[in-house]
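As a plain string of letters, each chain reads:
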Amino acid sequence: MNASPTINVSLIVRLVLLGIVAVLVQITAISQISLLGVSADLTPLIVASVGLLAGSIPGAIMGFGMGLFVDTALVQTLGVDSLLLTGIGYGAGRLHEVRDPSHTLVPIAVGAAATAISQIGFSLIQFLLGVDAPVSWLLLREILFTIAVNTVIALPVYALVRRLVAGALPEDPRRRRARRAASVTGGLSPLSQSASPRRRRRGLRAT
Amino acid sequence: MYDKQVRRRRAILALLVGLSLILLTAFFGESVGGPLKTIQRGMLEVLSPIQDGASRALKPFKDLTNWVGDTFDAKDRASRLEKQRDVLRKQVIGANQAVQENAQLKRMVNLNAKKDLSLSTYKPVTGRVIARSPSLWFTTITVDVGSSDGVHDNQPVLDGSGLVGKVTDVTSDAAVVTLITDHTSGVSSTVQRLNDSGILQTAAGNPNDLLLSFLPPKSAVKVGETVVTSGTKSSRLDSLFPPGIPIGTVTKADPEELNLYQRVHVKPFADLRRLDFVQVLTQPHAQVVASAGAATK
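In order, the protein sequences belong to chains V and H. Per the numbering used here, the first sequence starts with residue 1, numbered consecutively. Per the numbering used here, the second sequence starts with residue 208, numbered consecutively.
Read the hints as simulated data drawn from the structure, not as lab findings. Because the structure is a prediction, the values reported are computed rather than measured. Using N, Cα and C, we set each Cβ at its ideal position, and we do this for glycine too.
One side of the interface only, derived from the structure: several residues of chain V facing chain H at Cβ under 7 Å:
1. Ile-27
2. Thr-28
3. Ser-56
4. Ile-57
5. Ala-60
6. Phe-64
7. Thr-72
8. Leu-78
9. Gly-79
10. Ser-82
11. Leu-83
Use the sequences and the hints to build the structure in full.
In structure tokens form, the structure reads like this:
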């Protein structure tokens, strides 16, 4: 289990800008584009991506901030999106800290899970707040289709977020330890070291 | 060291979750003029020009994506629209005849045709949709017209097809429109042919399914009938909407459901997922005022 990386000013600035631009793009454009009869929802994908890249604390704070911004910009009940996205950011961050999954498909699975939590959670909170609505097949279909659409775009969104924040991410302590250990041993076995092309070239020149 | 990090992480999570719950509780129990809602309105005032700019800048991208999507179902839509056109052509012929008859009848009862009011009487203000709720519940949109354009709370909002919703929050340059699919919405409506009235409410989660409830028990509503706003019927309790604004067509009129719950299902004319421009009727009671004026003369 590794510690969550520390947060620096550059990361904060990038995350704030990313959050603001993402919410504006979401509510002014993406929400009005229909795919399979539903619209994609970038917010859980971005929060989950930040969690996966930067850890649980930045993920949770990003989730809270983006949720609050969405609720404020759309003049809807404050706190609903903050609550859900905080959980999503924290969960994705913990996955990064505990497991540090490196498989390429991890962002897709995490994106799908984040969207499912966001959509189902939002519907549940609406019901808890007293919306008198039947749990219709259509509602379930919409939730499933939104998860499907978000799953398709999860990887590009993750890649974009990684590209935007990668330069500001503090170095992961576990990877730093691994690299230090590799530099001590040369990173390769003694056999392969002796057989490395550079050494062989040097050896040839000496003779 | 590790324990300290774990404690800090958990404390931050607890703080954020606690804050969210406090906001949720405070906002839910707050009155219309409460501090949180005032802050939200202030933020809307700040954000609306940015949203407007972003909406304009991203419109080509939005149109392109929608165009790709539309191309796939264009063929189906074309054949469906051709059928609709044939039906509507017949209706137009019938309607033209009815208009002529109506004019003749009005002349017969000495009604002044010049006082006949159209939509322009309600002083419509056209606004561009600059933001919309991303949730499945399709509850609100934000438009770029506000109190400086004469827009106020509770004014009806239409698009080219029919009723869309009503204004629920206004700043000087923007207004939030709560759609007719919101669970708080209830529109007094009439089945045009029968003149049977009821309340149109949402079946939440589905923007294409509204419920026209509280119809007369023996109502003979049929599928395909047009539903319009009832308008003002009582001098004590004015309806927010002028009479005769088209809302949708009846898509399901199950006799059992009609007997048990006195309700039918209605599909709105307006495509609430794709609203680019809407009109806010800034003087929704103009007709009432005019007819009251005529009555006193």
